[in-house]
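Novice: Residue numbers (the working numbering), protein chains in the order written: chain A, 1 to 176; chain B, 177 to 295; chain C, 296 to 847.
Be careful, since some hints might not be right.
Claimed, not checked - Here are the simulated DSSO-like pairs of lysine-lysine, each with C-alpha atoms no more than 27 Å apart in a straight line: (1) C:K818 to A:K83; (2) B:K260 to A:K83; (3) C:K568 to B:K260; (4) C:K392 to B:K222; (5) A:K83 to C:K773; (6) C:K462 to B:K260; (7) C:K470 to C:K543; (8) C:K460 to C:K625; (9) C:K601 to C:K568; (10) C:K568 to C:K462; (11) C:K733 to B:K260; (12) C:K568 to A:K3.
Stated by the list, open to error - Here chain C is said to cover these stretches of chain A; the calculated rule only asks that three of the stretch's residues, wherever they fall, bring their Cβ under 8 Å from a Cβ of chain C: (13) 24-38; (14) 89-95; (15) 106-118; (16) 143-156; (17) 161-168.
Rather than coming from a laboratory, the hints here were simulated on the basis of the structure. Cβ atoms here follow ideal geometry from the backbone N, Cα and C, with glycine treated the same way.
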Amino acid sequence: MPKLIKWRAGAAAIVEDPFTSVADDQEIPPGDVIISLRRFHDEGARLLGGGRAVGVRIEPNEAVEDLAYDLPMLAVVALAFPKFRDGRAFSAARVLRERLGFTGEVRAVGDVLLEQAPYLIRCGFDAVETEDPSTVARWTAAARRYRHVYQRAADGREPAFVERQREPALVERVGI
Amino acid sequence: MKALTANRLADGEVVFWRGGAWMERFADAELFDDDAQAEAAEGHAKAEITCLVDPYLIDVVEVEGGVAPLSYRERLRALGPTNKPDHGKQAAGGADIEVLAHAHGAARSTGRVNLIKRK
Amino acid sequence: MYRYDPIDQAMLADRAAEFREQCARRLAGDLTEDQFKPLRLMNGLYLQLHAYMLRVAIPYGTLDSDQLRALARVARTYDRGYGHFTTRTNIQFHWIKLRDAPDILDDLAKVGLHAIQTSGNCIRNITADPHAGATADEVDDPRIWVEAMRQWSTFHPEFAFLPRKFKIAVTAAAKDRAAIKIYDVGLRLHRDDAGELSFEVHVGGGLGRTPYIGPVIRERLPARHLLSYLQAILRVFNRHGRRDNIFKARIKILVAALGVEEFSRQVEEEWAKTDKAQVDLPDVELARIRAAFAPNGFETLPPVSKAFAAARLSDPAFARFARHNVMAHKVPGYALVNIALKTPGETPGDASAEQMEVVADLADRYSFGEARVTYEQNLLLPHVKLDDVPAVHAELAAAGLASANIGLISDIIACPGLDYCALANARAIPIAQDIARKFADPEVAEKVGELKIKISGCINACGHHHVGHIGILGVDKKGEEFYQLTLGGSGEDNASLGQILGPALPADGVTRAIDQMVEVYLKERTGEERFLDTFRRTGLTPFKEAVYAEAH
């Protein structure tokens, strides 16, 4: 049973996962659930009407844009990594945060490497399911690894070129 | 005939299995006539993740003066690059190097047994 | 040239520290090879036939003398005393130990060098015209834009796990010395009558199993929108590139499958939704980068140098060097001096630690401390006074670096091939050595003229054989090394892919075939035709007949 690591205020912590992930062929239990996009299209309205928190799992070949109108009602979007090498979820997360304005939980599920932590956070993930909870400290450390970033992403960190504008002293070493 | 080879994790050196130890010279490699024994050794090797990268079995044949890997690629791994005779294992010279250097021809240049997994 | 500021330096240091930890975890067994491999690749560390290979990035092929000396030290301290310059203007060390890699990265970081993203499914080192900043025919210094892209692409969190590798090349000149049409994205800078800069954007070029000349997806992109537009291209690729088959995963396959129009439409659609101000660099940052590349310190000299002219008259070897290796500079009295790493009989693209130090020293004394790497695996000193070229030539000659064969038949591109590379099917280096030795006589080479031979040891085409005037592809036929020849490729303007000459030849037949084809060319050529021109006029027939006649 995977554990949930959540990022809050710059640190990773193991939390109780209130959500049950439900496969398409399973009955939906009571309580908060994460279901597939297809199932959400069929049953989402009913589930949300019943007052529980609902999350949707998006496979890499599905478009997060399909959820655009439903996002305000969703607690979680779970983006799947069938293999850690499949980086489509990074684009999906950025679109969710930066274009669609999603403010709920963006969770990475599947084959995710600790080493991907800095990328996950920058793209707007704030939770990851992992089999090995002992790695929490490492997730925190990995996420803090880089003191600067070169480009803007979903995490709101100031890119280097803005830092340079703020602190001209940094700039003095450039050039012949 | 088969032999078991890998690259050493820490330095990338090409090594060959001999009774559970790893030798740097192909001449010191253990030769398996029995497939089951070869595969058992491979199984052991695959567990040694702190020592090795990617152990695999290779075909070995008799050649003039001794034995050599069947494939050209594996002979290069056992010798070194042909453009720099003083680099790689070949620099040590000796009769076993000569045997490898003079072997020629091959059935498959990748030289790996079971490269394509058969179900 | 651009010097890394404390932020750039911190990036390298943080990455090196991260990799040190990752190596330690791998050596302790906390990471399996499957988990470690993508991490090690993102730091340019391959496991090859004999040892690990480290690929160090040389952004836009530009090095300063300190960096060259640092590379020489790495070669000497951690490797076998030499390095190999590649067709992506990087340098490779072929005898690296994993346990030394963290120290090497620390050493490199001190001089602003790194191996970041030189492998893996991410945005790789971006290459540019090696004459940037020195040539009259450019509309801007392309390196300004490459440095902007370098920073934007470094540790880009969205594009670290692409379907496949991603290569970008840039030119700002009328003549394409960066081969922009054979890369995933090729960019050509233009300046309109109002002085505004824009990019011509090619997407979907590439070699390998399915070679393509990159089509234009956008004729003119205002230069200030480079990064936001690139983000759109990369996002479309990341989301829609194939992930089921690594041989069909490059963006060229996506562009071909969708068609240029549809692909372009998808990019434009994504770009239209992009908040460009969040991605594109503000003017002040572009100006900062631009200032770093501003020309500085050129003297006012007469366009003709008496010393240079006199040396040409008195020394035939120097005259030959001047003819082939010395190229015009935009500033009167200066020149670009090419250093061929192609001494016939040597491994193409290799330089010893001593040779690197000679070039570093020459760069300091004669070229504002700057050297370049070309995608044809040669070096160059970009800003040498014509007056100084004879002295430079003399020192190059003493170091075995004065081959006067740039662009000639012995200036061969060859990948490391089966002698080093785990992917190869056949060796490339010995073929190159053999051909170069055959045509070692500089008078013979000159008589043949411009003839670009490119050799790859496998279909991955790191030797660019598809775009060789003569291309040679090593294949494995029943375990023996055979070589498929192609004719008429070109990576420059009028880019074209070579046509297959005929059945593959055995290793010992290649040089003879080259010789036969040179004979045909010398017989058939009219006027000023180079080999490529003659081929384009006559087609394959006379060459094919000459090479395969004996077989019939």
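Novice: Taking the hints in turn, state whether each one holds.
Specialist: Now for the hints, and whether the structure bears them out:
At most 27 Å may separate the alpha-carbon atoms for a hinted pair to count; C:K818 and A:K83 exceed this at roughly 58 Å. Using a Cα cut-off of 27 Å, the hinted pair B:K260 and A:K83 is violated, with the two alpha carbons roughly 40 Å apart. Taking the CA atoms of C:K568 and B:K260, the gap is near 55 Å; set against the 27 Å cutoff, the hint is violated. Restraint check for C:K392 and B:K222: satisfied, since their Cα atoms lie roughly 21 Å apart, inside the 27 Å limit.
As the CA atoms of A:K83 and C:K773 are separated by approximately 36 Å, the hinted pair breaks the 27 Å bound. Taking the CA atoms of C:K462 and B:K260, the gap is about 31 Å. The hint is violated against a cut of 27 Å. A C-alpha spacing of about 31 Å is found between C:K470 and C:K543, which places the hinted pair above 27 Å, so the restraint is violated. Note on C:K460 and C:K625: the hinted pairing is violated, with a Cα-Cα distance of about 35 Å set against a maximum of 27 Å.
Between C:K601 and C:K568 the alpha-carbon distance is near 60 Å, which puts this suggested pair outside the 27 Å criterion. A distance of roughly 25 Å separates the Cα atoms of C:K568 and C:K462; the hinted pair therefore holds under the 27 Å criterion. Among the hinted pairs, C:K733 with B:K260 is consistent with the structure: their alpha-carbon atoms are about 20 Å apart, no more than 27 Å. In summary, the hint linking C:K568 to A:K3 is not supported, as the alpha carbons are separated by about 36 Å, beyond the 27 Å threshold.
Check on the region 24-38 of chain A: 0 of its residues sit with their Cβ under 8 Å from a Cβ of chain C, so the three-residue criterion for coverage is violated. Using a Cβ-Cβ cut-off of 8 Å, 4 residues of the region 89-95 of chain A lie near chain C, which meets the minimum of three, so the contact claim holds. With a threshold of 8 Å between beta carbons, the proposed coverage of the region 106-118 of chain A by chain C holds, since 4 of its residues qualify and at least three are required. A stretch counts as covered by a chain when three or more of its residues have a beta carbon under 8 Å from one of that chain; for the region 143-156 of chain A and chain C the count is 9, and the coverage holds.
Evaluation of the coverage hint for the region 161-168 of chain A: fulfilled, as 4 residues show C-beta separations to chain C shorter than 8 Å, against a requirement of three.
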